[in-house]
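K.L.:
Each chain is listed here by its residues.
Protein chains: 2
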Amino acid sequence: MAKVVMDITMSLDGFIAGPGITQEVPMGIAGHRLHDWLFTRKTELDSELLKEVVENSGAVIVGGHTYTIAIEGAWEKSSPFSVPAFVVCHQLPSFRVEGFTFITDGLASVMEQAGRTAGAKDIWVMGGADLARQCLYGGWVDEIHIHIAPILLKKGTRLFTENEGALTELEIMRVLDTPGAVHIYYKVRK
Amino acid sequence: MAKVVMDITMSLDGFIAGPGITQEVPMGIAGHRLHDWLFTRKTELDSELLKEVVENSGAVIVGGHTYTIAIEGAWEKSSPFSVPAFVVCHQLPSFRVEGFTFITDGLASVMEQAGRTAGAKDIWVMGGADLARQCLYGGWVDEIHIHIAPILLKKGTRLFTENEGALTELEIMRVLDTPGAVHIYYKVRK
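Same order as they appear, the protein sequences are chains A and B. Under our numbering, read the first sequence as residues 8 to 197, first letter to last. Under our numbering, read the second sequence as residues 8 to 197, first letter to last.
Looking at chain A on its own, in the form it has when it is part of the complex (with noise of 0.2 Å):
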């Protein structure tokens, strides 16, 4: 059975993009500013890691106000993902490419689909926000692979909002820092 990975970039003060997302603008005003690890400031260990979580997977799951945002600018009308991915929406997009699934009917079904296709790899929870937060409190993700940018955003879109449920637990697996992140690795407990 695939294991659910939710692998995502945070500021220190909690937001994964800036305020103000457009397709010109995916990331927010100063969002792209979370990525640094990944482009400017990237190291040898950045660049291992990314590998990793991008061979490490065999589905992506995506949501739908992110592949709106993003397929016809950052991502130039094409998938930029090297396995297959799926949409969570509540409505088919207009604008659809190859590469991606669109799933109306819940994330039950999504996370069905999504296991079939990455076999005894992970699925990649990759965001945004909303989705994310859908998967984790649903119960459905089993590891936390989170990147702690530098920087206080001060403000955008939240990771993680209040919401009504119990604690949960996580395990702390593994902790690597480089000069644009502090990379945390977590199980989930369920």
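Rather than coming from a laboratory, the hints here were simulated on the basis of the structure. A couple of the hints might just be wrong.
Simulated pairs of lysine-lysine, DSS-like, Cα-Cα distance not exceeding 27 Å [to be verified]:
hint, chain 1, residue 1, chain 2, residue 2
1, B, 49, A, 197
2, A, 10, A, 194
3, A, 49, A, 128
4, A, 197, B, 197
5, B, 194, A, 162
6, A, 162, B, 162
7, A, 162, B, 197
8, B, 49, A, 194
9, B, 162, B, 49
10, A, 194, B, 162
11, A, 194, A, 49
12, A, 162, A, 10
13, B, 197, A, 49
14, A, 84, A, 58
15, A, 49, B, 194
16, B, 10, B, 194
Once you've looked at the hints, dock chain B against the given chain A.
P.N.:
Same frame as chain A, but now just chain B:
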């Protein structure tokens, strides 16, 4: 000149206390779990890190609300600190004990007095959240030492709330992990 160090424990989802704080439950519901690294899961390294902040501090700054909540219950009517502590408050609390100086004329005054007391040692900003944010966003904080507990609390008192300031750059100085926390030491770029 004394360095101002914010040293605080936060859940991965950004809370430094649970909801429902009272004198009887000073960390709020489930909030005591943040401090597992100081109690039930304490390792030798955790002890060393605690000792370090205590030994390096020449003065402590604490918020008026935290003082009022903690002094009669959690702190058993005496200062838990071995060095002078300064309480930042709008008006003098009715219950006052030795070891605390109560400052009602603002943060600049607190920093000046705490700095004189600390000498070459650090000024430790220990919370609560409101005071920590005032110090941080007011540009007073030189280092953030954050202990990220491996839990999602989901509700309670958030350390970092939205605010209007510009992005703050941090520099990762040191990263350590124990079963009960990932300990990250940042320098605040000014």
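K.L.:
All hints are to be evaluated individually against the structure, with a verdict given for each.
P.N.:
Checked hints:
1. B:49 <-> A:197: Given that 27 Å is the threshold and the Cα spacing comes to 23 Å, the pair holds.
2. A:10 <-> A:194: Answer holds: residue 10 of chain A to residue 194 of chain A is near 11 Å, not above 27 Å.
3. A:49 <-> A:128: This hinted pair holds, its Cα atoms lying about 26 Å apart.
4. A:197 <-> B:197: Not satisfied, since the Cα-Cα distance of roughly 42 Å exceeds 27 Å.
5. B:194 <-> A:162: With a Cα-Cα distance of about 21 Å, the restraint between residue 194 of chain B and residue 162 of chain A holds, given a limit of 27 Å.
6. A:162 <-> B:162: holds (19 Å)
7. A:162 <-> B:197: Within the cut-off at roughly 19 Å; holds.
8. B:49 <-> A:194: Holds. Residue 49 of chain B to residue 194 of chain A sits at ~20 Å (cutoff 27 Å).
9. B:162 <-> B:49: OK: residue 162 of chain B and residue 49 of chain B at ~25 Å, within 27 Å.
10. A:194 <-> B:162: It holds: about 21 Å lies between the C-alpha atoms, which stays within 27 Å.
11. A:194 <-> A:49: holds (25 Å)
12. A:162 <-> A:10: violated (32 Å)
13. B:197 <-> A:49: holds (23 Å)
14. A:84 <-> A:58: Holds, because 23 Å separates the two Cα atoms, which is no more than 27 Å.
15. A:49 <-> B:194: holds (20 Å)
16. B:10 <-> B:194: Holds. Residue 10 of chain B to residue 194 of chain B sits at ~11 Å (cutoff 27 Å).
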